[in-house]
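J.: Build out the structure end to end from the sequences listed, making use of the hints.
The sequence shown begins at 1 in UniProt numbering and counts up by one.
Incorrect hints may appear among the rest.
Capping the alpha-carbon separation at 25 Å, the derived lysine-lysine pairs in BS3-like fashion look like this [claimed, not checked]:
1) LYS343 / LYS253
2) LYS253 / LYS288
3) LYS28 / LYS135
4) LYS77 / LYS135
5) LYS135 / LYS110
6) LYS343 / LYS77
7) LYS110 / LYS28
Simulated DEER-style distance windows between Cβ atoms [what the hints assert, rightly or not]:
8) GLU217 / LYS28: 53 to 59 Å
9) LYS348 / GLY122: 38 to 44 Å
10) ALA393 / ARG297: 22 to 28 Å
11) GLU194 / ASP246: 29 to 35 Å
12) ASN305 / GLU5: 43 to 49 Å
13) GLY400 / ASN305: 28 to 34 Å
14) ASN87 / GLU212: 22 to 28 Å
15) GLU5 / LEU306: 41 to 47 Å
16) THR206 / LEU323: 33 to 39 Å
17) ALA163 / GLU68: 35 to 41 Å
18) TYR177 / LYS348: 23 to 29 Å
Think of the hints as simulated: they come from the structure by calculation, not from any bench.
Here a beta-carbon is modelled for each residue, glycine too, at the ideal position from N, C-alpha and C.
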Amino acid sequence: MAEKEKVVLAYSGGLDTSCCLKWLQVEKNLDVIAICGNVGQDEADLEYIKNKALECGAIASEAMDMREEYASEYLTKALAANGLYENTYPLLSALSRPLLSKHMVEAAHKYGAKYIAHGCTGKGNDQVRFETAIKALDPKLEILAPVRDWELHTREEEIDWAAEHGVPVKASKASPYSIDDNVWGRAIECGALENPWNEPPADIWTLSVDPENAPNEAEYVEIGFEKGVPCSLNGEEKSFLQIVMDLNVLAGKHGCGRIDMVENRLVGVKSRECYETPAAEVLIAAHKALETLCLDRETQHFKLNLEHQWSTTVYYGQWFSPLKNALDAFFAETQKFVTGTVKVKLYKGSCTVAGRTSDYSLYDYGLASYTAADTFDHKAAKGFIDLSALPFAVWAEKQGHEAQDL
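T.: The following block contains the structure:
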């Protein structure tokens, strides 16, 4: 008997990928290698997922702890860019996909697999992110997308198919949410959320309490940064990963980090998404505040435009691209003096910067003050204004009246 061809499957143990694992065996006659990457999702026992894949017929299954790599190589870059797609979404799914793709390509090389498969739908963003990353890393690998190809058009049909083929899944017809989570937060869609008029059901939130039920006393946290990377929490030195995990608990306790938005997907449709990102909200707000002290005006203004470009590039799945690499290099340069401490106030769903300090601060009290400590040369202002306004004065004299008439 000829040896079967192999496929590496991005496997989470959820409904879609559990069906994919069996479908690749039944419909494509492939040997499946299941790769489950731990980027901080809410799974207490990754060994269970690994063994579940083996029980469902995978010839090999690996559960990889990618959390430290995710924080140090991906979240640091996201924070340097203050990464927010459409100035709202902290990109938690978009950030994990290139990391997972990298490890799947490595697994394909290790096991001699011809194919890589994922469980993304035909109208989602993640299919683009996975496949663009894989093509950028090894364009010779062929990509399979069972959810785009099979005849199971609804989650209910998938649940029935799983039952018929002996595939154990947790999803039920009564709880049809699609959830993606990692240390940077949770993404929730489907079910009642598909109607943008519906208020998000209370049961979708697990990292944060309802702000109405949050503590009546505010809590202050101090976050230390070294060259743009969080390095301490309330004066205690910690790894970036640990700070993210701790802030998810601290800020979540105060109801912070809830996002309900309609976003423009890469594939051209609008989608109502809910995100739960307590740590990301706090850290991005704190990082922005520290940059206002440590970056000069021209760099800060120019960086704002590039932050939007970086976030869109990453959202579109172009992590392994020349543009993304060039933007990272620019942001890395801007972070050289972003060192200091930011004080954040957490209260009833709000995250407010309450103070910031840095040894590299460009804030000069003498220049800014309106008290007797004022060292600003007020007499220099007239010449500055005359020169700044000169082009407009010339325009007004030569063209202004006629332009207004037109």
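J.: Against each hint, give a clear statement of whether it holds in the structure.
T.: Results for each hint:
Between LYS343 and LYS253, the direct Cα distance comes to roughly 17 Å. Compliance with the 25 Å bound is thereby established for this hinted pair. With a C-alpha separation of about 23 Å, the suggested pairing of LYS253 with LYS288 holds against the 25 Å cut-off. The suggested pairing of LYS28 with LYS135 holds, with an alpha-carbon distance near 22 Å, which does not exceed 25 Å. The suggested pairing of LYS77 with LYS135 holds, with an alpha-carbon distance near 22 Å, which does not exceed 25 Å.
Using a Cα cut-off of 25 Å, the hinted pair LYS135 and LYS110 holds, with the two alpha carbons roughly 17 Å apart. Under the criterion of a C-alpha separation no larger than 25 Å, the hint pairing LYS343 with LYS77 is consistent with the structure, at around 22 Å. Our distance criterion of 25 Å between C-alpha atoms is met by LYS110 and LYS28, whose separation comes to about 21 Å. Taking 53 to 59 Å as the suggested C-beta distance range, the pair GLU217 and LYS28 conforms, at roughly 58 Å.
At roughly 41 Å, the beta carbons of LYS348 and GLY122 sit within the given window of 38 to 44 Å. Our hint of 22 to 28 Å for ALA393 and ARG297 holds, since their Cβ atoms are close to 24 Å apart. Checking the proposed 29 to 35 Å range against GLU194 and ASP246 shows it holds: the Cβ atoms sit about 34 Å from each other. In this structure the supplied range 43 to 49 Å holds for ASN305 paired with GLU5, their Cβ-Cβ distance being about 47 Å.
Here the CB-CB span from GLY400 to ASN305 is close to 30 Å, well matched to the stated 28 to 34 Å. For the hinted restraint 22 to 28 Å between ASN87 and GLU212, the CB-CB distance of approximately 26 Å keeps it satisfied. Between GLU5 and LEU306 the beta carbon distance is about 43 Å. The supplied range of 41 to 47 Å therefore holds. Separation of THR206 from LEU323 is about 35 Å and conforms to the stated range, judged on CB atoms against 33 to 39 Å.
Restraint check, ALA163 to GLU68: a C-beta distance of roughly 38 Å satisfies the suggested window 35 to 41 Å. As the Cβ distance of TYR177 to LYS348 is approximately 26 Å, the hint placing it in 23 to 29 Å holds.
In terms of the numbered hints stated before, the structure departs from none.
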